[in-house]
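*Asks:* Chain residues, written in single-letter form:
Number of protein chains: 2
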Amino acid sequence: MAKIQTGKNNSKKDVIVKKAASLFKSKSYSASSMRELAEFVGVEASSLYNHIGSKSELLQEICFRTGNQFTEQIDKIKNEQRSNIEKIEAVIRFHIQTMAENFDEVYVSNHEWKHMDEPYLSDFLNIRRSYEKSLMLLIETGIEQKEIKPVNPYVAVLTILSAVRGIEFWQRSKKNVTLQVLENDMVNQLLNGIVK
Amino acid sequence: MAKIQTGKNNSKKDVIVKKAASLFKSKSYSASSMRELAEFVGVEASSLYNHIGSKSELLQEICFRTGNQFTEQIDKIKNEQRSNIEKIEAVIRFHIQTMAENFDEVYVSNHEWKHMDEPYLSDFLNIRRSYEKSLMLLIETGIEQKEIKPVNPYVAVLTILSAVRGIEFWQRSKKNVTLQVLENDMVNQLLNGIVK
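Residue numbers (the numbering used here), protein chains in the order written: chain A, 1 to 196; chain P, 197 to 392.
If you're looking for bench data, these hints aren't it; they were derived computationally from the structure.
C-beta atoms are modelled at their ideal positions from N, C-alpha and C, and glycine is treated no differently.
It is possible that part of the hints are untrue.
If you want the ones that stay clear, here's a sample from chain A, every Cβ over 12 Å from chain P, calculated [unchecked claim]:
1. 14
2. 33
3. 51
4. 69
5. 120
With a Cα cut of at most 25 Å, we get these calculated DSS-like pairs of lysine-lysine [unchecked claim]:
6. P:223 with A:55
7. A:55 with A:18
8. P:345 with A:149
9. P:310 with A:114
10. A:27 with P:310
11. P:342 with A:196
12. P:283 with A:149
13. P:223 with A:114
14. A:55 with A:27
15. P:221 with A:114
16. P:215 with P:310
17. P:223 with A:27
18. P:342 with P:283
19. A:55 with A:19
20. A:78 with P:392
21. P:392 with A:87
22. P:283 with P:345
23. P:392 with P:345
Residues from chain A that face chain P, not an exhaustive set, calculated with beta carbons under 7 Å [what the hints assert, rightly or not]:
24. 147
25. 149
26. 151
27. 152
28. 154
29. 155
30. 156
31. 158
32. 159
33. 185
34. 186
35. 189
Taking the hints into account, I'd like the entire structure generated from these sequences.
*Replies:* Written out as structure tokens, the structure reads:
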């Protein structure tokens, strides 16, 4: 069989993790096997094990890469010199763009994280909890600084994160809605509403 | 074993369907058995079969009862003498209240519908598609009548339905957020935004 094809900026492990995300998304983590993954990557199963220890390690890679990517982004945004509303807008746009670019990875970390073993499971939940706290803090600071209405910050974060998560139902081709329209309209609705 | 306990307004079949929704939610449809359901209801398995034909029939009951409930409601609302915005608000509130009242049933029809066989699967998807179309029509009419900004109706419906679906992550006790606050704040954010 062929060698694992890599690009300039990704290692063989990156390629395997990306293919695993695609497989876990389409078949679910539980129903996927390393043998199928090897076939999907186009190599012998033994060759996979040169780069990755086990199926569960792949799930951890996917979930933690995604979780850390969002955490790094919100940490960067929250220290910028912008209004709180602009920061929240930047967070929402990052969610939508990342969903569009790394759809399989985000989907798997949203739906399959429960299958991780300890201590990874608890670590992952802590990452998610801190992320939600950071976003709540942006809302709270925005309320204090009179940029945001006196809403319940937990409900605002739940509404925002649920809406962006729903992009998994977006059928790009069928609905003739571009990423640009989706992103701008969703951001506007979540921040400014749809009432004229 | 005991008889199936029924209330004033629900039949034995209703009780079984409700217990099945609870079981399918906690264990998933695939991993649940009729034997477990019988234990959960507190009767012999043979007694279940007096009221229901099979596990797949239970899934159909749950999905179609939920789907029809939402369809009946939007059909009622769209014929009322109210502004389009008031109609959309009523639809969102109905979603949130129904999620809170019949959480297991809504959860199962959101997550487990894929396991239905044909022709039920296609029928169910048609019900969902018509529902989304009715909601899109309310948005479109609202735009025409200058009540709503010129948004993309598909994105507005995706944002609304994804946000209300996210209520499954609401942890009532932990976050100290009442249903009333959740409902009012989510409706307000989706219609009027959070920017001051």
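*Asks:* For every hint, state whether the structure bears it out.
*Replies:* Evaluated hints:
At the 12 Å boundary, the C-beta of residue 14 of chain A stays outside the reach of chain P, the nearest C-beta of that chain being 30 Å off. Interface exclusion of residue 33 of chain A from chain P stands, the closest Cβ pair being 17 Å apart, more than 12 Å. Interface exclusion of residue 51 of chain A from chain P stands, the closest Cβ pair being 32 Å apart, more than 12 Å. Residue 69 of chain A, annotated as away from the interface, keeps every beta carbon of chain P farther than 12 Å; the closest lies near 20 Å.
Listed as outside the interface, residue 120 of chain A is consistent with that label: its C-beta sits roughly 21 Å from the nearest C-beta of chain P, beyond the 12 Å cut-off. Taking the CA atoms of residue 223 of chain P and residue 55 of chain A, the gap is near 23 Å; set against the 25 Å cutoff, the hint holds. Distance restraint check for residue 55 of chain A and residue 18 of chain A: the Cα-Cα separation of roughly 13 Å lies within the 25 Å cut-off, and the hinted pair is therefore satisfied. Proposed proximity of residue 345 of chain P and residue 149 of chain A is supported: the alpha carbons are some 20 Å apart, at most 25 Å.
A hinted pair counts as satisfied when its Cα atoms are at most 25 Å apart, and residue 310 of chain P with residue 114 of chain A qualifies at roughly 20 Å. At most 25 Å may separate the alpha-carbon atoms for a hinted pair to count; residue 27 of chain A and residue 310 of chain P meet this at roughly 13 Å. Among the hinted pairs, residue 342 of chain P with residue 196 of chain A is consistent with the structure: their alpha-carbon atoms are about 7 Å apart, no more than 25 Å. Distance hint between residue 283 of chain P and residue 149 of chain A is fulfilled; the C-alpha atoms sit about 24 Å from each other, no more than 25 Å.
A C-alpha spacing of about 13 Å is found between residue 223 of chain P and residue 114 of chain A, which places the hinted pair at or below 25 Å, so the restraint holds. Simply put, residue 55 of chain A and residue 27 of chain A have alpha-carbon atoms about 14 Å apart, close enough for the 25 Å limit, and the pair holds. Note on residue 221 of chain P and residue 114 of chain A: the hinted pairing holds, with a Cα-Cα distance of about 15 Å set against a maximum of 25 Å. Among the hinted pairs, residue 215 of chain P with residue 310 of chain P is consistent with the structure: their alpha-carbon atoms are about 20 Å apart, no more than 25 Å.
For a cut-off of 25 Å, the pair hint linking residue 223 of chain P to residue 27 of chain A stands: about 19 Å separates their Cα positions. Annotation: proposed proximity of residue 342 of chain P to residue 283 of chain P holds, straight-line Cα distance about 15 Å (limit 25 Å). Pair hint residue 55 of chain A plus residue 19 of chain A holds up; C-alpha atoms about 12 Å apart against a cutoff of 25 Å. Restraint check for residue 78 of chain A and residue 392 of chain P: satisfied, since their Cα atoms lie roughly 20 Å apart, inside the 25 Å limit.
With a C-alpha separation of about 15 Å, the suggested pairing of residue 392 of chain P with residue 87 of chain A holds against the 25 Å cut-off. Taken as a hint, the residue 283 of chain P and residue 345 of chain P pair is honoured in the structure, with Cα atoms around 16 Å apart against an allowance of 25 Å. Only pairs whose Cα atoms come within 25 Å are accepted, and residue 392 of chain P paired with residue 345 of chain P is accepted, the gap being roughly 18 Å. Satisfaction of the interface hint for residue 147 of chain A is found here, the shortest Cβ-Cβ separation to chain P being roughly 6 Å, below the 7 Å cut-off.
The closest approach between the C-beta of residue 149 of chain A and any C-beta of chain P is roughly 5 Å, which is under the 7 Å cut-off, so the hint is satisfied. The restraint placing residue 151 of chain A at the interface with chain P holds, with a minimum CB-CB distance near 5 Å, inside the 7 Å limit. With its C-beta approaching chain P no nearer than about 5 Å, residue 152 of chain A sits inside the 7 Å limit, and its interface hint holds. With its C-beta approaching chain P no nearer than about 5 Å, residue 154 of chain A sits inside the 7 Å limit, and its interface hint holds.
Hint status for residue 155 of chain A: holds, given a least beta-carbon distance of 4 Å to chain P, under 7 Å. Below 7 Å, beta-carbon pairs count as interface contacts, and residue 156 of chain A has one with chain P at about 6 Å; its hint therefore holds. At about 6 Å, the closest approach between the beta carbon of residue 158 of chain A and any beta carbon in chain P falls short of 7 Å, and the interface hint on this residue holds. Annotation: residue 159 of chain A was flagged as interfacial toward chain P, and the flag holds, the nearest CB pair being 5 Å apart, inside 7 Å.
The criterion of a C-beta within 7 Å of any C-beta in chain P is met by residue 185 of chain A, whose closest approach is roughly 4 Å, and the hint holds. Given hint, residue 186 of chain A at the interface with chain P, holds; its Cβ is 5 Å from that chain's nearest Cβ, closer than 7 Å. Hint status for residue 189 of chain A: holds, given a least beta-carbon distance of 5 Å to chain P, under 7 Å.
When held up to the earlier numbered hints, the structure conflicts with none and fits them all.
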